[in-house]
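Chemist: Same order as they appear, the protein sequences are chains A and B. Quick note on numbering: this note's numbering labels position 85 of the first sequence as 85, and the sequence is numbered without any gaps. Quick note on numbering: this note's numbering labels position 159 of the second sequence as 159, and the sequence is numbered without any gaps.
Because the hints were derived from the structure by calculation, they are not lab data. A hint or two may mislead.
A pair counts as met if it fits within one copy or between any two copies, since identical chains are not told apart.
The calculated BS3-like cross-link candidates involving lysine-lysine, where the alpha carbons are at most 25 Å apart (straight line), are [said to hold, decoys possible]:
| # | residue 1 | residue 2 |
| --- | --- | --- |
| 1 | Lys-2 | Lys-21 |
| 2 | Lys-38 | Lys-2 |
| 3 | Lys-38 | Lys-21 |
Protein chains: 2
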Amino acid sequence: MKFCSQCASPVAIRIPDGDTKERHIFEASGQMHDQNPKSIASCIPQCPVPNQLYHPHVEHNTGHSTIPAGFMENSETIEQAAMRETYEEACARVEISGLYAIFNIPHVNQVYMIFRAELLDGEFAPGIESLETALFSETEIPWSDIAFPVVIQTLQRFFADRPGDHFPPFVDTISSIKR
Amino acid sequence: MKFCSQCASPVAIRIPDGDTKERHIFEASGQMHDQNPKSIASCIPQCPVPNQLYHPHVEHNTGHSTIPAGFMENSETIEQAAMRETYEEACARVEISGLYAIFNIPHVNQVYMIFRAELLDGEFAPGIESLETALFSETEIPWSDIAFPVVIQTLQRFFADRPGDHFPPFVDTISSIKR
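So here's chain A without its partners, still in its complex pose (with noise of 0.2 Å):
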């Protein structure tokens, strides 16, 4: 940020009296302007179908696989992002059954937030953002071509999690984008 976004006078970054971090100060008034992480909402979609019970899609950007995810934007519940990435990107109309993974990703700055959601009508494909759109089973998941450590883990922990039917949420940090 170098200049503020409601009246376009410049913006400065030092540490304002009596803090302790860098700040963006408007010069102008010596207001501070926050600097805020934002929020990915996501789900795992499951098919009622027996052994697909997982929904990968494989975006343009990266050619990679991950479950539908993408920034909550104003104006929505994190449920309704998800519900809206999940057809944006899989055209699959999804219910919410609960949430189930808070990462941190401060390094990033961001915080992504999965819940489980069931398929409503069984239906699927690729959107405007995806290549392919898939289901698998446990033992089909492509673990190498995942895209993102969230993602693995927290399917990980839900294949792990299945055979007794609980599914506690969980809040984890992530500290590095290695694999």
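Following the hints, position chain B against chain A.
Modeler: Frame of chain A, contents of chain B only:
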């Protein structure tokens, strides 16, 4: 947002081709600038002393009571944000026990995340943003004086869950600021 925060060029609000929502668009480049909700980190600091399980404070701005809470900042985890806010507002060091509540507050573009926490050394005092700090038992809590509906709802659930010593995290949506 009226101007780009990187180049100070004007930003217009319109529905892009192929989209369904109004977006902030940089006129110079045609690129979109997302508007994303902010996360608020909070905790219920518990004291090991019997009957002193709730640690609210009084804010300068409102004169109402609440628990420690504030906007999550870049480069920190939600838990770190909750601990930082507790220290800033109540001069209290806490250890996070677990995630307890997530509230969507879409009409103000916020996600409110509340943890359970333990006071580490039993010490607390008004921080720079607070007028008073105090510990309350369940029967002493000034319910009618609590500033935010999410805090009232969370504390009511907390005291309902406490006899079983089981605090399953929950997600809810607040659709109005009316009390």
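Chemist: Please list, smallest to largest, the hint numbers that this structure does not respect.
Modeler: none
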